[in-house]
Amino acid sequence: LPVPLVIHTLVPCPAHGLWCQDCTLTTNSSHCTPKQCQPSDTVCASVRITDPSSSRKDHSVNKMCASSCDFVKRHFFSDYLMGFINSGILKVDVDCCGGDLCNGGPGVGGSPWALAGGLLLSLGPTLLGAGP
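For the record, in the sequence shown the residue sitting at position 72 is 72 according to the UniProt record's numbering, with numbers rising by one throughout.
These aren't lab readings, by the way, just hints derived from the structure by calculation. Where is the CB? At the ideal position from N, CA and C, for every residue including glycine. Check the hints yourself; a few may be wrong.
To be verified - Listed below are the simulated DMTMM-like cross-link pairs for lysine to aspartate or glutamate, each with C-alpha atoms no more than 25 Å apart in a straight line:
{"hint": "1", "residue 1": "Lys35", "residue 2": "Asp100"}
{"hint": "2", "residue 1": "Lys35", "residue 2": "Asp95"}
{"hint": "3", "residue 1": "Lys35", "residue 2": "Asp93"}
{"hint": "4", "residue 1": "Lys91", "residue 2": "Asp79"}
{"hint": "5", "residue 1": "Lys35", "residue 2": "Asp22"}
{"hint": "6", "residue 1": "Lys91", "residue 2": "Asp70"}
{"hint": "7", "residue 1": "Lys35", "residue 2": "Asp79"}
{"hint": "8", "residue 1": "Lys73", "residue 2": "Asp22"}
{"hint": "9", "residue 1": "Lys91", "residue 2": "Asp22"}
{"hint": "10", "residue 1": "Lys73", "residue 2": "Asp58"}
{"hint": "11", "residue 1": "Lys73", "residue 2": "Asp100"}
{"hint": "12", "residue 1": "Lys91", "residue 2": "Asp58"}
{"hint": "13", "residue 1": "Lys73", "residue 2": "Asp93"}
{"hint": "14", "residue 1": "Lys73", "residue 2": "Asp41"}
{"hint": "15", "residue 1": "Lys73", "residue 2": "Asp95"}
Claimed, not checked - For each label pair, taking beta carbons as the anchor points, the in silico distance ranges come out as:
{"hint": "16", "residue 1": "Pro52", "residue 2": "Asp79", "range": "28 to 34 Å"}
{"hint": "17", "residue 1": "Ser54", "residue 2": "Asp100", "range": "31 to 37 Å"}
{"hint": "18", "residue 1": "Gly17", "residue 2": "Lys73", "range": "20 to 26 Å"}
{"hint": "19", "residue 1": "Gly83", "residue 2": "Pro39", "range": "17 to 23 Å"}
{"hint": "20", "residue 1": "Gly17", "residue 2": "Ser53", "range": "38 to 44 Å"}
{"hint": "21", "residue 1": "Asp79", "residue 2": "Asn28", "range": "26 to 32 Å"}
{"hint": "22", "residue 1": "Gln36", "residue 2": "Gly88", "range": "35 to 41 Å"}
{"hint": "23", "residue 1": "Gly99", "residue 2": "Phe71", "range": "14 to 20 Å"}
Make a model of the complete structure from these sequences and hints.
Shown next as structure tokens:
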């Protein structure tokens, strides 16, 4: 075998997966960091949770890898959490894209209500699954 082929066979190539910005409950997207996604992840997602009652429209941001945009929407728009969204306490926007680090983008601001809402939305499905 030629030497380059032998080396290529013996040395594993790095995985070429999707890369997304990753952060949870931040008020500033500059606090997000690049993360290599799992092979099953096909999209980068950005979830913006806004406090509509704030005159500054404060918000918190979650950015992540995901298997699909539908998966992210099911998580953030579960039956339990829809009560908070429908009552106007929180506004949630989900954006998904398919390129490396495509969920970058700016975002600043934050209020205790937006952060609390973001925490509730992030933990809600987990809390629902926890039994006595």
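Against the structure, the hints:
no.: 1; hint: Lys35 - Asp100; in the structure: 10 Å, holds
no.: 2; hint: Lys35 - Asp95; in the structure: 18 Å, holds
no.: 3; hint: Lys35 - Asp93; in the structure: 22 Å, holds
no.: 4; hint: Lys91 - Asp79; in the structure: 15 Å, holds
no.: 5; hint: Lys35 - Asp22; in the structure: 6 Å, holds
no.: 6; hint: Lys91 - Asp70; in the structure: 18 Å, holds
no.: 7; hint: Lys35 - Asp79; in the structure: 30 Å, violated
no.: 8; hint: Lys73 - Asp22; in the structure: 17 Å, holds
no.: 9; hint: Lys91 - Asp22; in the structure: 21 Å, holds
no.: 10; hint: Lys73 - Asp58; in the structure: 21 Å, holds
no.: 11; hint: Lys73 - Asp100; in the structure: 20 Å, holds
no.: 12; hint: Lys91 - Asp58; in the structure: 11 Å, holds
no.: 13; hint: Lys73 - Asp93; in the structure: 9 Å, holds
no.: 14; hint: Lys73 - Asp41; in the structure: 15 Å, holds
no.: 15; hint: Lys73 - Asp95; in the structure: 9 Å, holds
no.: 16; hint: Pro52 - Asp79: 28 to 34 Å; in the structure: 21 Å, violated
no.: 17; hint: Ser54 - Asp100: 31 to 37 Å; in the structure: 33 Å, holds
no.: 18; hint: Gly17 - Lys73: 20 to 26 Å; in the structure: 22 Å, holds
no.: 19; hint: Gly83 - Pro39: 17 to 23 Å; in the structure: 36 Å, violated
no.: 20; hint: Gly17 - Ser53: 38 to 44 Å; in the structure: 40 Å, holds
no.: 21; hint: Asp79 - Asn28: 26 to 32 Å; in the structure: 31 Å, holds
no.: 22; hint: Gln36 - Gly88: 35 to 41 Å; in the structure: 38 Å, holds
no.: 23; hint: Gly99 - Phe71: 14 to 20 Å; in the structure: 18 Å, holds
Against the hints set out earlier in the document, violations occur for numbers 7, 16 and 19.
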